[in-house]
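*Asks:* In order, the protein sequence lines correspond to chains A and B. Under my numbering, the first residue of the first sequence carries the number 1, and numbering increases by one thereafter. Under my numbering, the first residue of the second sequence carries the number 1, and numbering increases by one thereafter.
Treat the hints as calculated values from the structure; they're not laboratory data. It cannot be assumed that every hint is accurate.
What follows is a list of derived Cβ distance ranges for each label pair [to be verified]: (1) LEU859(A) <-> LYS12(B): 12 to 20 angstroms; (2) ASN78(B) <-> ILE822(A): 31 to 39 angstroms; (3) LEU859(A) <-> LYS107(B): 22 to 30 angstroms; (4) SER880(A) <-> TYR43(B): 25 to 33 angstroms; (5) LEU782(A) <-> PRO104(B): 55 to 63 angstroms; (6) MET848(A) <-> LYS107(B): 45 to 53 angstroms.
Some chain A residues well away from chain B (every beta-carbon gap over 12 angstroms; in silico) [what the hints assert, rightly or not]: (7) SER279; (8) LEU355; (9) LYS625; (10) THR665; (11) GLN810; (12) ARG846; (13) ILE851.
Only some residues are given here: those of chain B computed to face chain A with a beta carbon under 10 angstroms [what the hints assert, rightly or not]: (14) LYS12; (15) ILE13; (16) VAL17; (17) LEU18; (18) ARG20; (19) LEU27; (20) ASN61; (21) MET65; (22) SER90; (23) LEU114; (24) LYS118.
Cβ coordinates follow ideal geometry from the N, Cα and C atoms, glycine included.
What follows is each chain in one-letter form.
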Amino acid sequence: MKKNFAFKELFRNADFIACVINMEGRVLWSNVKAEVFLDLHPDDYFSNCGDQTCKEEQLTSCRDFTNEWDNFSGNKVAESYIYKKDFLKWSVSWDEEEKLYYAVASFNSNSESSEGLRKNKENINYQLGIIERKLLEAALNQESDLKEMFEEYIKGLEAIFTNMKASILRVEDGKVWHMASGALPKSITSAIDGQPIGPKAGSCGTSAYTGKKIIVTDIQSNELWDNYRHFILPYGIRACWSQPIFNEKKEVIATFANYYDQTCFPTEETLQIFERSSSLIGLILENIRKSKDLKISTQHAEYVNKATNEAIYTRDLGRDTIEWSQGYQALFGYDNENTILSINDWRLLVYPPDLEKTMNSFQEFISDPYQHRWQAKYRFKNAEDNYTVVKDQGYVIRDKEGKALRMIGVLGDITLQRSVELKKELLSEFSTIFSNNDNLKSTLFEVTQLFNEYADFQISEIWLVNSDKSKIELFAGHNNQSDNINSNSIESYRKGDGVPGAVWEAGKLLISDVANINDHCKLNYLNKINQIEKLIGVPLINNNELIGVWICGIKENITSLNLFREVWPEISGQLAAEISRKSLEQDLQHIFQLVPDLIGTLDYEGNFKRINKAGCDLLEYSEEKLLKSSLLNLLYTDNTDKCRKTIKDKIDYGRNFHYECQCVTGSGNIIWLNWDCTISKEEGLIYAVAKDISKTKELQQLFDNAGKLARIGSWELDIEKNKVFWSQITREIYEAPQYYKPTMESVFKLLRKDYRSTMERAIKDAKEKNISWDMELPIITLNGKEIWIRSIGKPEKKNNKCIRIYGSFQDIDKRKRAEDRILEHNEILKDIARQQSHDVRAPVARLMGIIDLMQHGGLKTEEKEELLDNILESAEEIDSIIRQISDKTNFLERK
Amino acid sequence: MKLEVIIIDDDKILRKVLKRIVQICNLAKEALEFENGEEALAYFNRENDDSKKTMIFLDINMPIMNGWEFLQGMKKQNLLQNKEIYLLTSSIDKLEHSRAEKDPSIKDILIKPLTIEKFKQLMV
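Okay, chain A solo, but in the shape it has when bound:
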């Protein structure tokens, strides 16, 4: 592997053909030159063993080569050799271990004229080929010492060209240092070390400085050598040419120099060889640098890998294999040996429910020729048979037609990240589910479904504590496949019983092994009991109160459990809050719909925005119709503008107002409504409650009429504000005009003098002792007339203080006067009675006394006669008295 990689790196852009060929003659890799020359294209090496007939020809020609190489090599023994065919001269190296040929080929020169020269050249080329191949082989071996490698090469060169010495100088920081110097005397090389480059710094220094090939045919006379010839001439060196070697950035990194002991001009051929050597040295130096960089970068990648918990893979879409690099083992715990997986192996590692979705997404991506990046999240099985949540990100390499060839990808463990996402997703789903209008039961049913979808629970149930907190009841359950809860299932538990009751009692998360829970508690999950291993009971706590328990059943799966542990505190808290809110909302909705009064919201134009059932019933319109109309259109009035203005004034004035109006209902009835409105300026809404007060209004009317007939008015003393209020009838009784403003003083002033103290005392008692009064008093009206009234007063207390006294005021003058007359008559009648008892009885008694005396007194006749006169006298007196009584009676009758 390492050799393969290094070879490719070394010759990718070389000026000659390089390729890697397997035993069958398939070109596994070729460099740019080979592509041009052999008409091979990048990536073909992957597919050329496929069905493409257009490549067959090349394949055949390659086979021809390799078949011949076999002959040469002596049945694939590990050796290197040179082989010429047509216009190419191949230098081939067989690697027994890898069963691969590493081949480089250069072009044969056909310009040779003389056979001798041609043979010489062939010999030279042949020998050059050998030392070059050795150099390359050494370069491929990463263990090789650079200096040694080049020394060897230079010795080889010096052996071929005996009149020449060569050197390779390293250029660094504007100075030169010898790297390989072959037969050059040591004193020269040590003198060269550290010499600055410059416009006149010998051949190498100047070449390094100018970046140009410098040919000095005579050191003695060439000015470039002015500063240096003194220490080189003594060693018999007379000519020197030097070639700069560039790195990728076109910076001179080295020079390659040839020295001759005679002044001479380079032939075209020597220049060719000179350039060929320079270019090879350049390639090797650049490659070594790249290898170093690559090594560093590979190390970086490894460190990054270790740090990021990611596994890198290459997916071969032709062969349908996945090859893992570093990270795979660390991340998933698999052996280092199984780094190549077939797609079927991979499929077995993906969590089954996630597989289809992932595959579909990949297929869709792969078939779109313009897509290069793919991403998916799924669960991936690790060596311990647990699932890790992974994020798979891949970059695909496509051919010109857009066909996907390979994908380089990264698989990252996002289990923790997933928990954060899961939380977000669940919370978002919650708010969607809870914000719809369904009732709590169907909402929670959806929630349990959600858990199954997101977290692969086999069982998900929500149990809620009932209103009197005596039991916990199954509210919504989702038994993954069968939704029918069997008839034996238990739907409520007392505190402490069953898993839900136990969680209720404990108030904390409980995880039970299914094996350890008693049979009775398994009743609800009979059809699932074999598929689950753990029952988890999560307390749903809102405002420190446990409102319910969420039960879920899962397979033994550490990832799920870990994921669950990450998410449940937040999820359950949110769920509990949502349930409480929904439950409250439902209760409020019930109240909203069931209250007997109209409840609704209106905008400032009076348009209904919401109205309850009672409101619809009261107004005798459908909800739909009311929501399209304005209260103003329902008012029973000739002056809608005035009503609108009244309402607008009230809105402008303050937050709350009270309004009574008559409305026409759907059936044409006219009803009185009493509105209590609260204005929400933030929302631009009026929250309104309206009561039907038609009956009250009727009664009020009746009462007013009765009051008018009985001349009963009302009054009120506002103690706090020291104000007096009189109703219309009270005013009439006082004969007070509309503009007259009664005061406390006027109340006393308008009483007959002798009753003022009575009223003062009554008010004092009402204020201080909370005593009501009911008295008859004579008042003096504003027209000066004395009339009798009946005043009833009742104090009202607030915070133990009398704040007002109110009561009725009745004109009883006629009755009072009638009573007076009756009293007068009574006096007369009493008088009559007295006269009857005394005045009449006195003479009668006297008469009786006389007669008794006459009968029993033994009186003499004279005495008796005298008494007879007295009898007559008494009789006359009686007669006179009876006349008087008669006169008095007649007088009464006349009255």
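Put chain B on the given structure of chain A with help from the hints.
*Replies:* Here is chain B on its own, set in the frame of chain A:
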């Protein structure tokens, strides 16, 4: 012991009849008569003799000073010693009766007409 009988009534005939009944019943040979309370009170102020037992027949309804006022005057001047007071009334008014019953200085109430028989019973 000498018994003095005094009749106070504005009715002249009644005084005459009562005086005769007193004689017939042997209460006293003579009885003193007064037309109203004032006259009688003046007499007792002038002639009062505590040692003499005195029976007073007192009418209630009289001009100038009625029976109650006379009684009050007597009490005030401490003249009721040795006096037996009999209230005379033609009224059947319960109020007057109850008032009389509450007054310890009144020995009895005599409802007119006054007969010899009633007096005889009174003397027993």
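*Asks:* Please go over all the hints and tell whether each is borne out by the structure.
*Replies:* For each hint, the structure was consulted:
At roughly 18 angstroms, the beta-carbon separation of LEU859(A) and LYS12(B) lies within the given 12 to 20 angstroms, and the hint holds. About 46 angstroms separates the C-beta atoms of ASN78(B) and ILE822(A), a value inconsistent with the hinted range of 31 to 39 angstroms. Roughly 28 angstroms separates the CB atoms of LEU859(A) and LYS107(B), a value that falls within the hinted 22 to 30 angstroms. Hint check: SER880(A) to TYR43(B), Cβ distance near 31 angstroms, so the stated range 25 to 33 angstroms holds.
Between LEU782(A) and PRO104(B) the C-beta distance comes to about 60 angstroms, which sits within the given range of 55 to 63 angstroms. Judged by the Cβ atoms, the range 45 to 53 angstroms given for MET848(A) and LYS107(B) is violated: they are separated by roughly 23 angstroms. No beta-carbon of chain B is positioned within 12 angstroms of the beta-carbon of SER279(A); the least distance is around 162 angstroms. With a least CB separation of 121 angstroms from chain B, LEU355(A) remains clear of the 12 angstroms interface cut-off, as annotated.
The Cβ of LYS625(A) sits about 82 angstroms from the closest Cβ of chain B, beyond the 12 angstroms cut-off, so the non-interface label holds. No beta-carbon of chain B is positioned within 12 angstroms of the beta-carbon of THR665(A); the least distance is around 71 angstroms. At roughly 36 angstroms, the least C-beta separation between GLN810(A) and chain B is larger than 12 angstroms, which holds for a residue marked as non-interface. Interface exclusion of ARG846(A) from chain B breaks down, the closest Cβ pair being 5 angstroms apart, not more than 12 angstroms.
Residue-level check failed: ILE851(A) sits 8 angstroms from the nearest beta carbon of chain B, not beyond 12 angstroms. Evaluation of the LYS12(B) hint against chain A yields a held restraint, the C-beta minimum of about 9 angstroms falling below 10 angstroms. For ILE13(B), the interface hint holds, the least distance from its beta-carbon to any beta-carbon of chain A being 5 angstroms, beneath 10 angstroms. Using the Cβ-Cβ criterion of 10 angstroms, the hint placing VAL17(B) at the interface with chain A is satisfied: the shortest such distance is roughly 5 angstroms.
A distance limit of 10 angstroms between C-beta atoms decides the matter here; for LEU18(B) the minimum to chain A is near 8 angstroms, and the interface restraint holds. With its C-beta approaching chain A no nearer than about 6 angstroms, ARG20(B) sits inside the 10 angstroms limit, and its interface hint holds. With 10 angstroms as the threshold, the beta carbon of LEU27(B) stays out of range of chain A, its nearest partner Cβ sitting at about 14 angstroms, so the hint is violated. Interface hint at ASN61(B): satisfied, since its Cβ lies 6 angstroms from the closest Cβ of chain A, which is below the 10 angstroms cut-off.
This hint is violated: MET65(B) has a C-beta 17 angstroms from the nearest C-beta of chain A, more than the 10 angstroms allowed. Evaluation of the SER90(B) hint against chain A yields a held restraint, the C-beta minimum of about 4 angstroms falling below 10 angstroms. Proximity of LEU114(B) to chain A holds as hinted, the smallest CB-CB distance being about 5 angstroms (cut-off 10 angstroms). Given hint, LYS118(B) at the interface with chain A, holds; its Cβ is 9 angstroms from that chain's nearest Cβ, closer than 10 angstroms.
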